[in-house]
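2 protein chains.
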Amino acid sequence: MRFFEEFEVGERRQIGAHTFTADQIKRFASAYDPQPFHTNEEAAAKSHFGQLCASGWHTLAVWMRLNVRGMQDEVRRMQAVGAPQAKVGPSPGFDQLKWLRPVYAGDTITYESEVVATRESRSRPGWGLVSMRTIGRNQSGEEAISFTAHVFIERRAVASAPALEEG
Amino acid sequence: MRFFEEFEVGERRQIGAHTFTADQIKRFASAYDPQPFHTNEEAAAKSHFGQLCASGWHTLAVWMRLNVRGMQDEVRRMQAVGAPQAKVGPSPGFDQLKWLRPVYAGDTITYESEVVATRESRSRPGWGLVSMRTIGRNQSGEEAISFTAHVFIERRAVASAPALEEG
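In the order they appear, the protein sequences are chains A and B. First residue of the first sequence: 6, per the numbering used here; consecutive thereafter. First residue of the second sequence: 6, per the numbering used here; consecutive thereafter.
To be clear, the hints were calculated from the coordinates, so they are not data collected in a lab. There is no bait here: all hints are sound.
DSSO-like, lysine-lysine: derived pairs with alpha carbons at most 27 Å apart: (1) Lys103(A) with Lys51(A); (2) Lys92(A) with Lys51(B); (3) Lys92(B) with Lys103(A).
Required output: the full structure, derived from the provided sequences and hints.
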């Protein structure tokens, strides 16, 4: 991964796209969000959603998978050219998570992130905090989900950051 | 479900507890968060976490399942006594989602919610917005995850709330 200093406010990154099939929607929801409008077409037709739609947590979990794959691809690309790599710390959390529109079976959500803030960590020398606003849009370009994620990224200035203390 | 008017700021509810096994952690992470410290014990031992721990999204998805089951139990209890029930609308989102401590394999997380705000919806007559702060604590009583969820709940004052317009 790139170092903290290389993240610039305003830069954007395509995270990827995913089409949510009815089978996937029902499988995720059966395990983690078994509300009838996520697990059964007929019940969904009678609900306020009007048709089968994905659990909001499913739309987030898919973003996470695409995001992790993107990071792993970047790590491999940098390894291939022998570039020094920053450590990525844990995410301290998320803000302003909004489900703006239902994600119906068959919808394709495309996720894009923008760096909205960077700051050196006061509590964790050697680390910086990067905040990224992510928006997931459906095939009509409508915003379906948005959130701001924060993540610790190692600073270039120090050779090796001290281990992060959890909690 | 109870109507909006019956939610009071300060009331608490036990959502349930779950023990995260290594198998569950690896299975969820393989599908949605395939970072090595969530999918492989040896890689986790070398990471900043020090041992296998659950994806933050896994700790949320499990809360959602327990939460949905609790709501469904309440609906059934109210049906059994013929009580009128409020409709529950979609969640407009979450705030202040924090992963405060890793959830290691074998940890048991107990989730508890507290109503922190209630307000009548301006944009959606017949509906109220209930905000609930949830904390998940491990078996030592330490906070591992916390977040504030918002959800639309039908008001009692009107016989039947108009359907919610999504988006």
